[in-house]
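Under the working numbering, the first residue of the sequence shown carries the number 414, and numbering increases by one thereafter.
Honestly, the hints are just simulated from the structure, not real lab data. All of these numbers come straight from a predicted model, not from anything done at the bench. Do not take every clue at face value.
Cross-link-like lysine-lysine pairs, in silico, DSS-like; alpha carbons within 27 Å at most [unchecked claim]:
id	residue 1	residue 2
1	Lys489	Lys477
2	Lys497	Lys477
3	Lys415	Lys489
4	Lys635	Lys621
The following label-pair restraints were derived from C-beta to C-beta distances [to be verified]:
id	residue 1	residue 2	range
5	Asn538	Pro463	14 to 24 Å
6	Asn430	Lys621	18 to 28 Å
7	Leu478	Ile639	21 to 31 Å
Backbone N, C-alpha and C define an ideal beta-carbon position, used for all residues, glycine too.
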Amino acid sequence: MKLRSSRILREIRAGQNSTVIKLNLGDPRIVELAGLAGASGVWLCNEHVPNSWLNLEHQVRAAKLHDMDTIVRVNKGGYSEYVKPFECDATGIMVPHVTSADEARNVVDMVRCRPLGSKALDAGNMDGLFCQVPLAEYAQHCNTEKFVILQIESPEALEVVEEIAAVPGFDMLLFGAGDFSHRIGKLGQATHPEVVAARKRVAAAALKYGKYPAVASLYGQKEEVIAEGTRVFTLGADVLELGNAFKKLVGDFGGAGSANGSDSVYSSSSSPKAK
414 MKLRSSRILR EIRAGQNSTV IKLNLGDPRI VELAGLAGAS GVWLCNEHVP
464 NSWLNLEHQV RAAKLHDMDT IVRVNKGGYS EYVKPFECDA TGIMVPHVTS
514 ADEARNVVDM VRCRPLGSKA LDAGNMDGLF CQVPLAEYAQ HCNTEKFVIL
564 QIESPEALEV VEEIAAVPGF DMLLFGAGDF SHRIGKLGQA THPEVVAARK
614 RVAAAALKYG KYPAVASLYG QKEEVIAEGT RVFTLGADVL ELGNAFKKLV
664 GDFGGAGSAN GSDSVYSSSS SPKAK
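Start from the sequences, fold in the hints, and give me the full structure.
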């Protein structure tokens with residue numbers, strides 16, 4: 414029996430770009446739609462979204478049908494919150510609001526096997542093929558084909574981002590423009606010069622210490638972030654795409670049944686008012 418390798422790691426190690434779709438909705442069939450679209454992976458959220466561990470396993474299975482990776486943004490803090498997504502056979506975890514090198518080291522220690530960390534071993538789950546592979550192979554796979562993303566989302570984290578990036582044992586730094594812009598009083602202004610400068614600093618720190626930069630959204634700056642060295646891109650979210658598509662359908666029909674005339678703050682060029 415063979416453990417599955419990471420598609421995203423395979424792509425970025427080859428110098429290719431990886432595409433990720435963020436999912437707020439829990440139906441595994443939406444995961445399959447992302448796979449049919451050709452995405453490299455899906456971002457599943459345990460931080461802001463109600464989801465059960467059993468359903469998470471179903472979402473992971475749906476992703477693997479299309480050789481897609483699954484990235485689980487975890488609830489911050491607890492050991493089990495970090496380890497269980499991997500035991501559900503998620504390919505990576507994303508830890509939000511990391512603010513110090515010590516915190517980064519703690520995450521690595523909890524989820525990596527020796528010599529990188531002190532992960533408690535239980536190969537009797539999906540990630541170990543239910544004890545059907547040798548333990549040494551399982552441990553090596555945890556360190557080489559599973560990945561860890563740390564989110565930089567605050568001015569406090571930015572001030573020590575080089576120290577965080579220097580910690581061994583994790584793979585990517587993801588800049589969170591939404592929360593960062595909020596924290597500096599520029600709510601939602603992802604292309605504000607201060608926010609862009611912060612994103613560039615995070616990418617530079619990642620590259621300096623052998624990590625991969627990643628972004629939560631392109632915000633219309635694809636070429637800029639590619640030039641900064643980013644190779645992992647979140648292209649959109651299920652709720653936004655569905656919301657905009659539904660608004661367009663109703664708007665194209667003439668607005669019949671519309672509850673009010675207000676627009677979402679997330680309106681895109683596909684919304685009725687943008688025509």
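Here's how the hints hold up against the structure:
1. Among the hinted pairs, Lys489 with Lys477 is consistent with the structure: their alpha-carbon atoms are about 26 Å apart, no more than 27 Å.
2. Among the hinted pairs, Lys497 with Lys477 is consistent with the structure: their alpha-carbon atoms are about 17 Å apart, no more than 27 Å.
3. Distance check on the hinted pair: Lys415 and Lys489 sit about 31 Å apart at the alpha-carbon level, beyond 27 Å; violated.
4. Of the pairs offered as hints, the one joining Lys635 and Lys621 holds, with about 21 Å between alpha carbons and a cut-off of 27 Å not exceeded.
5. Checking the proposed 14 to 24 Å range against Asn538 and Pro463 shows it holds: the Cβ atoms sit about 22 Å from each other.
6. Range check, Asn430 to Lys621: Cβ separation about 21 Å, and the 18 to 28 Å hint holds.
7. About 29 Å separates the C-beta atoms of Leu478 and Ile639, a value consistent with the hinted range of 21 to 31 Å.
Hint compliance for this structure: hint 3 is the single one not met.
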